[in-house]
Amino acid sequence: MTPPFILEIAFVILILAIAVGTLVARAAFTAVLLFMIYGLLIAIAWIRLSAVDVALTEAAIGGGLTGMLLLGAVARLRESEGSGEEPGLPTLLAAGTFCVLVSAALGTLVLSRPEVAPSLAPAVMDNLAQSALGNPVAAVLFVFRAFDTLLEKVVLLLALIGVWSLAPDRVWGGVPGLRLYAEPSSILVFLAQLLPPIGIMIGIYMFWTGASYPGGAFQGGTVLAAMWLLVMIARLQPVPAISLRCVRLLLVVGPVIFVAIGLLGFVFAGAFLAYPPDYAKPLIVIAEATLTLSIGVTLGLLVAGPPDRMQQP
Amino acid sequence: MNSIALFAYCGAAMVGLGLFGLITKPQVLRKILAFNVLGTGVFLLFGVIARRGAAAGLHSDPVPQALVITGIVVAFSATTMAVVLLLRLYAETGEATIDSDDPPSTGTDGGR
Amino acid sequence: MTLTLNIFTIVAVSAGSFFFMAGTIGLLRFPDTMTRLHALTKVDNLGLGLIVFGLLPQAEGLLGALKLLCVWIFVQLSGAIVSQLVAQLARRDGEQR
Amino acid sequence: MIPEETTANGYLLVLAIMLPVIGILLSLAAGGRYVERIAMVLLPAGLVIAAAVFGLVWRDQQSLVYIVGGWHPPLGIALRADGISAAMMLTTAIVICATGLFARGEFGQPRGSPETRASQVFWILLLGIWSGLNTVVLGDDLFNLYVALELLTFAAVPLVSLKGYQETIKAALRYMLFALFGSVLYLLGTVLIYGAYGTLDIAMLSGRVHPEPVAWIAASLMTMGLLAKTALFPLHLWLPPAHAGAPAPGSAVLSALVVKGSFFLIARLWFDAMPGLMNVASGQILGTLGAGAVLFGSILALRQQRLKLLIAYSTIAQIGYLFFIFPLTAGNEPWDSVAWTGGWLQLFSHAFAKASMFMAAGLIAETLGHDRIAEFGGINRVIPITVIAFGLAGLSLMGVPPSGGFVAKWLLLLATVMEGQWWWAVVMLVGGLLAGGYVFMVLGKAFGSASAPLKLARPVSRGREIVALTLALCAVLLGLVPLQPSELLQVGRPEVLGVITR
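Chains as they are written, first to last, in our numbering: chain S, 1 to 313; chain B, 1 to 112; chain C, 1 to 97; chain X, 1 to 502.
Only chain S is shown next, with the shape it has when bound in the complex:
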C-alpha cells in the first residue's frame, strides 16, 4: 500500500462517515451542513476519478446550490421537522437487509469483469474532430447526445413551473419569496459588490473554455446563478416578479435557440440536431452562450422558490 492510497482510504472513510452523519444527525440544521461538506468531498472524489467536468458540476450544484436550497428549507422549518414515527424493528431489519444486499451486489458487480472494460472513449475520440469541439465531455453533451441535453433543459423548466405552481393563487405572477439567510448587513453588501464581477467573469470563462477544456454551460450557469442570488440576498437588486416579460424571455432564450438550431439541422445538415460542418463551432458557441444565461436564470429562480407576494417590499 502506497501512502497516497492510504490517504485515499482515509478520504473514503471520511465521506462515508459524513454520509452517515447526514442521515443520523439529530438537528436538521446539522444534517444539512454535513450534507454541504459531503457535496464538496464528492467533488474531490470526482477529481480523483479524473472527471474534472463532473467535479466542477458537483461542486457548484451538489455542494453549492443544493446546500443553499436546503439551508433555506431548514430556516423555514424552524428546526421543527418533527420526529415522525420511526418504523418498527421488522421494517428496519428488512430495509437494512435489502440495502446491504444491494450494496454488496453493486460492490462485486461493478468490478466483476476486469478483463473487458467496455468504453466509448475510442468512439468519442474518433469523432471528436468532426464535432468541432476539443473537450470530449462537451462533445458528448452538445453533439453526440445533444438530444438528452435539450430534453434536460425542458426538465429544468418544468421543475420551475412545478415550483411556481405551488404559489397561492392570489400571488401568481408575483415575487419569489427568496429566504434571506442573514440581515443584509454592510459586510454582506460588501461581498455582493466584490464577488459578482469576479464570479461573472469565472462563469463566462467556464462556458467559453468548456468547448476545449473542462467547464461548460451548466457549470458556468450555476456560477452565474450563485452570483445573482448573492446580489438578491444582499438586496442590491430586487427579486424579479415571475410575470415580467424579460424574465420569461431569459428563461427560454437558450432552449429556444437550441431547438431552432436543431430544427435548422433538418434543412442544412441532414438531421435534427446535426450541425453543418463549416458552422458547427459558432453554432454550438451561440447555443451554449444562451443556454448558460438561461440555466443561470432558471437555477436562480428555482432556489428563490415560488412567488409569495405581489409587490416589492
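What the hints contain is simulated information worked out from the structure, not anything from laboratory work. Heads up, a few of these hints could be off.
Only some residues are given here: those of chain X computed to face chain S with a beta carbon under 10 Å [unchecked claim]:
1. 28
2. 68
3. 213
4. 214
Cross-link-like lysine to aspartate or glutamate pairs, in silico, EDC-like; alpha carbons within 20 Å at most [said to hold, decoys possible]:
5. X:163 - X:36
6. X:455 - X:375
7. X:163 - X:106
8. X:163 - X:115
9. B:25 - B:95
10. C:42 - C:32
11. X:445 - X:375
12. X:163 - S:169
13. X:163 - S:308
14. X:163 - B:92
15. B:25 - S:308
16. S:281 - S:126
Over the 10 Å line for every Cβ pair with chain C, so calculated as not near, a few chain S residues [unchecked claim]:
17. 16
18. 86
19. 188
20. 280
21. 310
None of these values were measured; they are calculated from a predicted model. Note that beta-carbon positions come from the ideal geometry of N, C-alpha and C, so glycine has one too.
On the provided structure of chain S, position chains B, C and X as indicated by the hints.
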C-alpha cells in the same frame, strides 16, 4: 485493491446508505437528503465505470461523465421540487413528515 | 538548492498542519461562538497561509504559484466575511453557548 | 449487426417529441391567454403526426427509425417507432387531445383577465406529459429514456397538487418521493448495464445481454424502480390520493397515460433490451404481483365512498392485468401469442375507459358539488350523457362485450388456457366480477331515486359531456378488432428476435 475499486466500494456503500435512509426515515427533509446521498452514490459508480473505461488517451470515458452531469442537474431539479412541496405542506399543516396510513383525502376535495 | 527548498516546504507545511490541528481542537473545545470563530479564522489565516507558502516553491511555474495564492486569498475573503456574519448573528441572538 | 439508418418519414418521430416542447417554450414566453391558444393549435397538429406515424407503421409493417444528429448508437441516440409504440402514441394523442378539449371548461383563460395560476400551469404540464410520453415510447436509449421518465414525473407531480389543498400537496409529495425512488433505481440499473455491455441502445443490447448476474441485478433494480412508478401492488400506496386529488382532466391523463409510461418501459426492458432474460420464474413473479393488484385494487375500490377514489383504486386493479403479459408470453416468440395482443389491448382500452371515467367523475362532482357515491340518486336525469359515458367505460373495465376490455381479457383468458396456467384465469374472472360490483354500485345509485331533492351546484356544458362519451366509445370500438394476434402490434419484433436466435 486499487483506488478504482476503493471508489467502487464507496459508491456501493453510499447507495446502500441512501436507500436505507430513503426507506426508513420518517422526516421528509431526511428523505430528500438520503435521496441525494443515493444519487451521488449512483453517479460515483458511473464515474468508476468511466474511469475503468479509460482509453484512447483519455483518463476516463467521457460518455458516462456527460450523463452524470445531466443526472446531477436533474437530481437538483428534483430536490428543489421536493423541498418546495415540503415547505408548502409545512406551511399548511405544520407537519414535515408523511406517515403512510392516514386516510386518503377526505371531505373538501371533489367539489369546488 | 532543491534540498533547502524541500526542507522549507516540509517545515512550513508541518507548521501549517499544526495550526490546523490546534484550530480544530479549539473549534471543538472553546466555550462560545466568538472564541470558536477565533480558532477557525486562525486555521484559515495561518494554517492555510503557511501551507500555501510552503507549497509555493513546489508550484509548476508562475501560473501555478499564482493559483495557489488565489486559493489563499479567496479563503481569506470568504473566511473573513462569513465569520463577520456569524458573529453578527451570534451577537443579535445573544447566544452564549 | 448492421447499423440502422434513418427511415423515410423518420423525422415525424422528432416532430412528435419536439412539438410539445416548442409549445412549452412558447407558452412560458408568451403567457396569458396565449397559453391555451398555443395548446389548441398544437394538440391537433400532434394528433395528425401520431396518426401519420401509426398509418405508416401499419401500411409498411415496418418500424420507423430516426438517428438523432446523424450519430449512430452506441455514441448517439436513436428513436424508433415499432408497432406498440405507434399504437401507444396514437392512444396518447387521442386521450391528450380529448383532455385538452375537456379542460377548456375548467382551465380556460377568460378574455381580459390577468393570467391565472391554474390555467398557466395546467396547459404547460399537459404538453410536458405529452412530450415525456412520446419520448418514452419512441426512445431507444436507456439514458434518454431516463430523462423522458423524469420529464414525465416533473410534469405529473405538479398536476397532482394543482388544486393546492393540503391533502393534494401531501399526495404530490408522496408521489414525488416514490417517483424519485423509482428513477434512481432505474438509473442504477442503467449504470450497471453500461458498465457491463458498453452501450445503452436497446437494439444493440438485445444482441449483447446474456443471462448473468449483472444483467439480472440490473433488470431487477430497474424493474423495481419502474414498478414504483407504475404503482403496481404493493408499491401502489401513492396512487389513490394522487389520482383522486388532481383536477379531473389531470386525473384522466395521470391514470390513463402516465402510469402506462413506466409500464411500457418495463415491457421494453424485458422484451426488447434483455429478451434472453425472461424465464418462467420472473414471469410468474410479475404475474403474481399483477394478480395481487387485481384482487386488492378491486376489493378496495368496492369499499370506497367517493367516486374519484373508487376510480383510482380501479386503476390499480386494471394495471394488474397488464402484468399477465409476462407469465403468459414467457415462450420463445412472445409477440406471436394472443397474450401479447391481449395485454396491449388492455392497456389501450383502459386508457380510453379510465380517461372517460375520470372526466365523468369530474362532471358529476361539478354538477353536485361533491362526489359522495351514496348521494348520487337521480343524477342520471340531470346529466344522462355523462352517466352513459361512465357506464360504457365500465363495460370495458368489467370485460363485457362489446368493448376493448372484453377483447383484451378474452385474449388473455385464451392465453391462460393455451399455456395451461389456469390460476391467472381465476384471478381475472374474480377481478371482472368485482369490477362489475363497483361499476354497478355507482350506476345503481345514479339510476336510483333521490332520497332528497338533488341540489345542483352548477350546470356543466354539453360539449364536455360529449368528450367523455367519445372516449368511452373509443374504448368500446376497440372491441371490434379481430380476436386474434394483431399484426400491427408485432411490427418491429421479428428483427429483434432474429438477433437473439442468430
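*asked:* With the threshold set at 20 Å, check whether the alpha-carbon distance from residue 163 of chain X to residue 36 of chain X stays at or below it.
replied: holds (18 Å)
*Hold the hint about residue 28 of chain X up to the distance rule: shortest CB distance to chain S must be less than 10 Å.*
holds (5 Å)
*Would residue 188 of chain S pass as off the interface with chain C, using Cβ distances and a cut of 10 Å?*
violated (7 Å)
*Given the hint that residue 445 of chain X pairs with residue 375 of chain X, does the C-alpha gap stay at or below 20 Å?*
holds (8 Å)
*asked:* Given the hinted pair residue 163 of chain X and residue 308 of chain S, is their Cα-Cα distance within 20 Å?
replied: holds (17 Å)
_For the restraint on residue 213 of chain X, tell me whether the closest CB of chain S is nearer than 10 Å._
Since the shortest Cβ distance to chain S is 6 Å, the answer is holds.
*asked:* For residue 86 of chain S, is the shortest CB-to-CB distance to chain C above 10 Å, so the non-interface label stands?
replied: Non-interface label on residue 86 of chain S holds, nearest chain C Cβ at 28 Å vs cutoff 10 Å.
*Are the Cα atoms of residue 163 of chain X and residue 106 of chain X separated by 20 Å or less?*
Measuring from Cα to Cα gives roughly 12 Å; hence the hint holds.
*Does the claim that residue 280 of chain S lies off the interface hold, with its Cβ farther than 10 Å from every Cβ of chain C?*
Answer for residue 280 of chain S: holds, closest chain C Cβ roughly 31 Å.
*Would you check the hint for residue 25 of chain B and residue 308 of chain S, treating anything up to 20 Å between C-alpha atoms as holding?*
violated (30 Å)
*Minimum Cβ-Cβ distance from residue 310 of chain S to chain C exceeds 10 Å*: holds (30 Å)
*For residue 16 of chain S, is the shortest beta carbon distance to chain C beyond 10 Å?*
The claim stands: residue 16 of chain S keeps its Cβ more than 10 Å from every Cβ of chain C (closest is about 20 Å).
Comparing the model with each earlier hint shows violations of hints 15, 19; every other hint is respected.
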